[in-house]
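Following the hints, position chain V against chain C.
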Amino acid sequence: MRWLMRLIRRNRLEDELDRELASHVEAEVERLIADGLTPSEARRQALAAFGGLEPIRERARDARGTQWIEHLWQDLRYGARVLRRAPGFTLAAIASLAIGIGANTAMFSVTDALLFRPLPVERPHELVFLNRAGYSEPIQRFSYPALQRFRQGVAEVPFAGNTSIARTLFSVDGPSELVLGQLVTGDWFDVLGVRAEAGRVITAADTQELGGKPVVVLSDDFWARRFARDPAVIGKTVTINRVPITVVGVAARGFSGLTIGTRLDCWLPVTMQHELGYYTNAYMEDADDRKPWLTQDGIEFLNIVARLPDGMAHTAVPARMAALHRRSVDSQAEKLADPERREFKRREYLELISAWRGQSPLRETFTEPLQVLMGAAAFVLLIGCANLASLILARGAARSRELSLRLSLGASRGRIVRQLTTESLLLAGLGGLAAVAVARWGADGLLRLAATTRTPIPLSLPFDWRLIAFAGAASLLTGLAFGLMPALRLSRAGLVDGLKTGSRSTSASGRKTRVPFGRALIIAQVTLALTLLVGAVAFVRTFKNLLAEQSGFEREQVVSARFETQLAGFGKEQWPALSQRLLDAARRVPGVRSASLGVTGTLSGVMRIGGGIVVEGQPPHAGPEWTLREEQVGDDFFATMGMPLVRGRDFRLADRVGTQSVAVINETMARRFFGDVDPIGRHFGYGTPPEFEVVGIVRDARIDGPRSPVPSLAYLPLRQHPRNVANYLYIRVTNAPEAAANALRAALASAEPSLAIREVVTLGELTGRTVARERLMSQLTSGFGLLALAVAALGLYATISYSVVRRTSELGVRLALGASPGSVRWLVLRETLLVVGAGCVIGLLFAVPALRYVGTLLFGLSPGDPVTLVTATATLLVVSVLAALIPAMRAARTDPIRALRSE
Amino acid sequence: MASDRSDLLQGTLDMLILKVLNRGPLHGYAIAQRIGAISRALLQVPQGSLYPALHRLENKRLLSAAWARTPSGRDVKVYRLTTKGRRQLSEEVADWERLAEAIRLILQTAE
Numbered sequence: 001m002r003w004l005m006r007l008i009r010r011n012r013l014e015d016e017l018d019r020e021l022a023s024h025v026e027a028e029v030e031r032l033i034a035d036g037l038t039p040s041e042a043r044r045q046a047l048a049a050f051g052g053l054e055p056i057r058e059r060a061r062d063a064r065g066t067q068w069i070e071h072l073w074q075d076l077r078y079g080a081r082v083l084r085r086a087p088g089f090t091l092a093a094i095a096s097l098a099i100g101i102g103a104n105t106a107m108f109s110v111t112d113a114l115l116f117r118p119l120p121v122e123r124p125h126e127l128v129f130l131n132r133a134g135y136s137e138p139i140q141r142f143s144y145p146a147l148q149r150f151r152q153g154v155a156e157v158p159f160a161g162n163t164s165i166a167r168t169l170f171s172v173d174g175p176s177e178l179v180l181g182q183l184v185t186g187d188w189f190d191v192l193g194v195r196a197e198a199g200r201v202i203t204a205a206d207t208q209e210l211g212g213k214p215v216v217v218l219s220d221d222f223w224a225r226r227f228a229r230d231p232a233v234i235g236k237t238v239t240i241n242r243v244p245i246t247v248v249g250v251a252a253r254g255f256s257g258l259t260i261g262t263r264l265d266c267w268l269p270v271t272m273q274h275e276l277g278y279y280t281n282a283y284m285e286d287a288d289d290r291k292p293w294l295t296q297d298g299i300e301f302l303n304i305v306a307r308l309p310d311g312m313a314h315t316a317v318p319a320r321m322a323a324l325h326r327r328s329v330d331s332q333a334e335k336l337a338d339p340e341r342r343e344f345k346r347r348e349y350l351e352l353i354s355a356w357r358g359q360s361p362l363r364e365t366f367t368e369p370l371q372v373l374m375g376a377a378a379f380v381l382l383i384g385c386a387n388l389a390s391l392i393l394a395r396g397a398a399r400s401r402e403l404s405l406r407l408s409l410g411a412s413r414g415r416i417v418r419q420l421t422t423e424s425l426l427l428a429g430l431g432g433l434a435a436v437a438v439a440r441w442g443a444d445g446l447l448r449l450a451a452t453t454r455t456p457i458p459l460s461l462p463f464d465w466r467l468i469a470f471a472g473a474a475s476l477l478t479g480l481a482f483g484l485m486p487a488l489r490l491s492r493a494g495l496v497d498g499l500k501t502g503s504r505s506t507s508a509s510g511r512k513t514r515v516p517f518g519r520a521l522i523i524a525q526v527t528l529a530l531t532l533l534v535g536a537v538a539f540v541r542t543f544k545n546l547l548a549e550q551s552g553f554e555r556e557q558v559v560s561a562r563f564e565t566q567l568a569g570f571g572k573e574q575w576p577a578l579s580q581r582l583l584d585a586a587r588r589v590p591g592v593r594s595a596s597l598g599v600t601g602t603l604s605g606v607m608r609i610g611g612g613i614v615v616e617g618q619p620p621h622a623g624p625e626w627t628l629r630e631e632q633v634g635d636d637f638f639a640t641m642g643m644p645l646v647r648g649r650d651f652r653l654a655d656r657v658g659t660q661s662v663a664v665i666n667e668t669m670a671r672r673f674f675g676d677v678d679p680i681g682r683h684f685g686y687g688t689p690p691e692f693e694v695v696g697i698v699r700d701a702r703i704d705g706p707r708s709p710v711p712s713l714a715y716l717p718l719r720q721h722p723r724n725v726a727n728y729l730y731i732r733v734t735n736a737p738e739a740a741a742n743a744l745r746a747a748l749a750s751a752e753p754s755l756a757i758r759e760v761v762t763l764g765e766l767t768g769r770t771v772a773r774e775r776l777m778s779q780l781t782s783g784f785g786l787l788a789l790a791v792a793a794l795g796l797y798a799t800i801s802y803s804v805v806r807r808t809s810e811l812g813v814r815l816a817l818g819a820s821p822g823s824v825r826w827l828v829l830r831e832t833l834l835v836v837g838a839g840c841v842i843g844l845l846f847a848v849p850a851l852r853y854v855g856t857l858l859f860g861l862s863p864g865d866p867v868t869l870v871t872a873t874a875t876l877l878v879v880s881v882l883a884a885l886i887p888a889m890r891a892a893r894t895d896p897i898r899a900l901r902s903e
Numbered sequence: 001m002a003s004d005r006s007d008l009l010q011g012t013l014d015m016l017i018l019k020v021l022n023r024g025p026l027h028g029y030a031i032a033q034r035i036g037a038i039s040r041a042l043l044q045v046p047q048g049s050l051y052p053a054l055h056r057l058e059n060k061r062l063l064s065a066a067w068a069r070t071p072s073g074r075d076v077k078v079y080r081l082t083t084k085g086r087r088q089l090s091e092e093v094a095d096w097e098r099l100a101e102a103i104r105l106i107l108q109t110a111e
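So the protein sequences, as listed, match chains C and V.
Using the working numbering, the first residue of the first sequence is number 1, and each one after it goes up by one.
Using the working numbering, the first residue of the second sequence is number 1, and each one after it goes up by one.
Bound-form chain C, shown alone:
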């Protein structure tokens, strides 16, 4: 900071230097006078000995070490003056930089938050998740007894567990609302090192006994959102899933559990599982889900997180954990009768997954799209850079007189380059400042676009040094990228061009020095823009293809209502009566043709999978391909959904408890499980003898959305399975579905006021959610594509206009010699087409491999899809010709007399 002081005291230092030098000269003069010289001669000699005072001053300034900053300051002031003199250029440049850098910063901000940000816990790098590897996908679910085995077997490692996040009915002095809750073991907060923002967190003392202690910890976000951080909430008793529970505290600000991108509202002790009726996301084998889960080894529902302090990862500890798990896998496998299933189970082994950045289902979905979008944003910025470089070059040519004057007055070339680069960096810096605002807005928009529902993805995007550093670095690099090259060229060309040819220039001399570089910039812009356009067209087509995909059920005229029956406190005995009441209410809604029920629902993301299927007349099999999806449905289900039966019959009233269990299977299941045999009348099931008789085959439907493959699916009648609770009600309507949806909501609410209705939407909207990623990609890439097209067209327009102005005299001569305006127009257009054509060819060479790279994100088109390539190229060509047409017309209107006279 000393140089800063010296800079501030610059004037004083200058004075002191002058005084010091003056004093030296005086002393020398005195000595020389004493030697007998005349005063004037003495002064002359004294000064001569110095060789001039100014160079010494200059070198003394250099010695101060502040010269560079003085120059920088000079350059900045000069640059600011230059930019202020061209406000149009400056504003356009800053705006385009703000968009370019802002888009990149927004992408960075979301990517960083999703992929690279450590959890707000103590020493996150020590945390690991336990994973049961060996299957086609990770399974991070363990039973509570399994957690206890780890705790006892590897005592030096702290293990904590949490359940999946579940919808929870929360009420405080009034109507209840659905919030997101999670059950945790007593030491969970302690192991993570998360403290309380207010009150206290859940501790081991809360989970001493089964069913105990009725306490809840709120998330800071929920506390702020719902209670405006009222400290009086702590100590209050609220109702959660109809159980009175005391709020004991609020977790640390910024902590929202281990799942990134989910807004978690509260944490409850895992020992309350049974009392709270928590029944989410469990794998069950040989278990009774109606009894407390904690005592049963067959119910796997806990995610285990462990803390391995530095160094412990390289000791025998992980191996001991793995061996412990091995033993329990082996003993579980022993119990399996089927040798294939036993073998399958034995493949399982324990794996430790680093947990420093938590887990997130969003990661798998959005990592690749974010990479592609970051690439697209970078392309937009590059096009902007190329564009600005050519603009600066064009402006620089106009400034060549100023530059050559400065060069001839003794400024070094380096000094000129520095001056011009400083101007560019100043522009980039201003653009970067605006970009930060653009980025904040853009990142929020991105989360809104990427969300499957109307609420944006709750990913916290802090405004911190990482964001600032990225925007700063991006601005600096951008400034250098578009500023350095033109500065080097201008400083070289300046002296020759400016003084020799003055204002006059012919295309012959101009072309040699400048146009090739300018053309290269245009070609680069066209190449990048075409690549982006091809991507945009491909993603828009992908989205369209997905929506056009046959779903196999009626999308627009079916309304789905989803509710939480269990949370509202309806027991299984009450269920049949309630479901009848709801169905009656739904059937009375105007325009309803039929109504039905479902347990796991269509397009819901919920599923129920059974494995180890036994099929009559087939040898027993095990493995993932022998699993099937199971769905229990009400009467009229297929008619309501518009799913036609291809063979056999629908369920009928005679299919009741006590009669033969029946099933309607889909075509995929018929093919996969029965092969060439006609399944009607045959049996399948989970045991021997198989219990379900196939009575019908229904046409395949994409019940998980257009992108997901059709699973093997068996529909069972709810009538024969009254223990299962339906959470979905469907109506088939003949009128406007939106009105019907509102009417249905009102009808259900009045039929049963305590029912927690989650949402009432058409199947069309639910389909839209399954392609949210593709919607995001198509919207953003087409946004970037259009931006790129606009910037490239502007660049083309500016460059061509500039070349027309430079060639005014040449064009004048041509016209004077009898060239027709049409041929002059063609001359300019041909030049444009050549450059754009070259850019298109290179662009296509880039675009096809780029499309292949994003191939997994595409749907219904190949990487070399001709329609995509032709559409993009044609769009670019048309826009380019339009951009060039204006300067071409202007060229044709050149007045030969004036053009020649202006020389």
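Relax, there's no trap hidden among the hints.
Label-pair restraints from in silico Cβ distances: (1) A66(V) with W441(C): 56 to 62 Å; (2) A66(V) with L115(C): 56 to 62 Å; (3) M312(C) with R80(V): 56 to 62 Å; (4) P309(C) with T83(V): 42 to 48 Å; (5) Q108(V) with E58(C): 42 to 48 Å; (6) A66(V) with G311(C): 53 to 59 Å; (7) L99(V) with M312(C): 52 to 58 Å; (8) G311(C) with G24(V): 57 to 63 Å; (9) R80(V) with G36(C): 31 to 37 Å; (10) T83(V) with L476(C): 37 to 43 Å; (11) G24(V) with R84(C): 53 to 59 Å.
What the hints contain is simulated information worked out from the structure, not anything from laboratory work.
Glycine is no exception: its CB is placed at the ideal position from the N, C-alpha and C atoms.
Coordinates of chain V only, in the frame set by chain C:
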């Protein structure tokens, strides 16, 4: 500049300034005079280099400076060696002597 006067070796000016100031604080003109006098005018400090060197040493905190008035009534900037400067001087002198010794050895034995 007379040809029988040696040009100062690069970097040695700093050491000479430090050495001269080691005997007590002096102003710029006096430093130049002193270097000339001690070396019996064999070395002439190029006056253009002296002040930049003084400022450089001051920036490095090897010297401190204060304004004073001479008996003849002139304002002069008096430079003084700092502790850091003294340490630097002894290091540089040691280095110089090692180098000089090495060169002397080469000159003696290289025949």
